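There are 2 protein chains.
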Amino acid sequence: MAKPVLPSHIGFIPDGNRRWAQAHGLSKESGYDRGIQPGLDLFEQCQDLRVPEISIFCFTQDNTKRPSAQTKAFKSATVEFALQLSRREAALLVVGDSGSKQFPAELAPFLVRQGTGMKVNLLVNYGWNWDLDGMSNGGLRSHAISRMDLIVRWGGSSRLSGFLPVQSVYADLHIRPELWPEFQPSQFEQALAWFRKQDRTLGG
Amino acid sequence: MAKPVLPSHIGFIPDGNRRWAQAHGLSKESGYDRGIQPGLDLFEQCQDLRVPEISIFCFTQDNTKRPSAQTKAFKSATVEFALQLSRREAALLVVGDSGSKQFPAELAPFLVRQGTGMKVNLLVNYGWNWDLDGMSNGGLRSHAISRMDLIVRWGGSSRLSGFLPVQSVYADLHIRPELWPEFQPSQFEQALAWFRKQDRTLGG
Chain A
8 MAKPVLPSHI GFIPDGNRRW AQAHGLSKES GYDRGIQPGL DLFEQCQDLR VPEISIFCFT
68 QDNTKRPSAQ TKAFKSATVE FALQLSRREA ALLVVGDSGS KQFPAELAPF LVRQGTGMKV
128 NLLVNYGWNW DLDGMSNGGL RSHAISRMDL IVRWGGSSRL SGFLPVQSVY ADLHIRPELW
188 PEFQPSQFEQ ALAWFRKQDR TLGG
Chain B
8 MAKPVLPSHI GFIPDGNRRW AQAHGLSKES GYDRGIQPGL DLFEQCQDLR VPEISIFCFT
68 QDNTKRPSAQ TKAFKSATVE FALQLSRREA ALLVVGDSGS KQFPAELAPF LVRQGTGMKV
128 NLLVNYGWNW DLDGMSNGGL RSHAISRMDL IVRWGGSSRL SGFLPVQSVY ADLHIRPELW
188 PEFQPSQFEQ ALAWFRKQDR TLGG
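Chains A and B, in that order, are what the protein sequence lines are.
Going by my numbering, the first residue of the first sequence is number 8, and it counts up by one from there.
Going by my numbering, the first residue of the second sequence is number 8, and it counts up by one from there.
This is chain A alone, in the form it adopts within the complex (with noise of 0.2 angstroms):
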């Protein structure tokens, strides 16, 4: 199967927020914040690369068992993020439990994907069984996500963490060292260019 130039869709992990704000002398919480306008400059980068789809790991069910000064942190980021992508060219969808608490109600209208642009999924208090769980009851609960070609981790570990394990069979998955408020446009062009030199066979 031919390599395509571009990936049609690709996945961010966008991890070490906590890590750079002790870094930096400040509390764990502090570091969500910093990670908002790394995303918008990355959306804005995808934009003009034309990049059809990205999907972004936002928090976790796991994630809400953490102390409520960084629950609250990441939540009040996540919506944020969302709110700033909805002013944007952007077909914005939300996946995650809406039926916990844990989920901000304000996100509530883009469970029903709005807007028209690149696709941009947000996951919110997603997680990975809460996602399966939906095969016995009729399909995958992220069935509006397609498969993904590309997923970029920031923060230095070589793993999923439960991101869409579906989509990510065949994904091709580049680290990068940088914590995600350290993110600069070079990081994700040095990504695309690692990806271009992979070899996509799909089992075949």
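Some hints could be false.
Copies of the same chain are indistinguishable here, so a pair counts whether it falls within one copy or spans any two.
Said to hold, decoys possible - Subject to a maximum C-alpha distance of 20 angstroms in a straight line, what follows is the list of computed DMTMM-like cross-link-like pairs (lysine to aspartate or glutamate):
(1) Lys126 / Asp55
(2) Lys35 / Glu189
(3) Lys126 / Asp48
(4) Lys35 / Asp69
(5) Lys35 / Glu87
(6) Lys72 / Asp206
(7) Lys35 / Asp206
(8) Lys35 / Glu185
(9) Lys126 / Glu51
Rather than coming from a laboratory, the hints here were simulated on the basis of the structure.
Here the structure is a predicted model, which is why all the values come from computation and not from measurement.
Based on these hints, arrange chain B on the given structure of chain A.
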């Protein structure tokens, strides 16, 4: 969560047999046989280290779409490897679609775990979608396989290729540049040393 000194369950993706054969002027299908002895060496290395459970990606339903000379060769190598293991101290389980003609009949007895010793799970005619489809009918078809801590892939590709999507959600993925027939115990030692440096948070 404290990081274990040794992973409880390690997955192995032994990729690169065909590339190895071509690089040595052989036909692609000649590579699979050369993966058997490395597999037995790795098994013994895991046994010496007292790893409780390992899973090995033998072949998938996707793989069986390859030319028949290749499918014949990887099936025969898989059967030979499994029978060799069955004569060693291993609790052997084969997981895969045994209702298909692509499943080697010789391995049917191992659809129920046989033997005592380290748990060894072989994925044979396995498909990630075949596995997950079980969820619409009671549960994962690979339910007897536990969650993995570490996955080591040979052959340089940084992806899962459908390897146990549920058991891999929190696994650290370590990529080896060497092709599988070039396996040396030092490569696995390096993977374990790398694993000990990873931070395991399980989303917390």
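Results of checking the hints against the structure:
Only within a single protomer do lysine 126 and aspartate 55 lie at most 20 angstroms apart by alpha-carbon distance; the minimum there is 13 angstroms, versus 50 angstroms between protomers. In the homo-oligomer, the alpha carbons of lysine 35 and glutamate 189 lie at most 20 angstroms apart inside one protomer (15 angstroms), although the nearest pairing across protomers, at 44 angstroms, exceeds that limit. With identical chains, the CA atoms of lysine 126 and aspartate 48 are at most 20 angstroms apart within one copy only, with a shortest distance of 16 angstroms there and 47 angstroms across copies. When the C-alpha separation of lysine 35 and aspartate 69 is checked against a cutoff of 20 angstroms, the pair qualifies only within one copy, where the shortest distance is 17 angstroms, while the shortest distance between copies is 44 angstroms.
Taking CA atoms no more than 20 angstroms apart as the test, lysine 35 paired with glutamate 87 passes inside one copy only; the shortest distance there is 18 angstroms, against 53 angstroms between copies. For the homomeric pair lysine 72 and aspartate 206, the shortest alpha-carbon distance between copies (18 angstroms) is at most 20 angstroms, but the shortest distance inside one copy (39 angstroms) is not. In this assembly of identical chains, the alpha carbons of lysine 35 and aspartate 206 lie at most 20 angstroms apart only when taken from different copies (17 angstroms versus 39 angstroms within one copy). In the homo-oligomer, the alpha carbons of lysine 35 and glutamate 185 lie at most 20 angstroms apart inside one protomer (17 angstroms), although the nearest pairing across protomers, at 39 angstroms, exceeds that limit.
In this assembly of identical chains, the alpha carbons of lysine 126 and glutamate 51 lie at most 20 angstroms apart only when taken from the same copy (12 angstroms versus 49 angstroms across copies).
In this structure, every one of the numbered hints holds.
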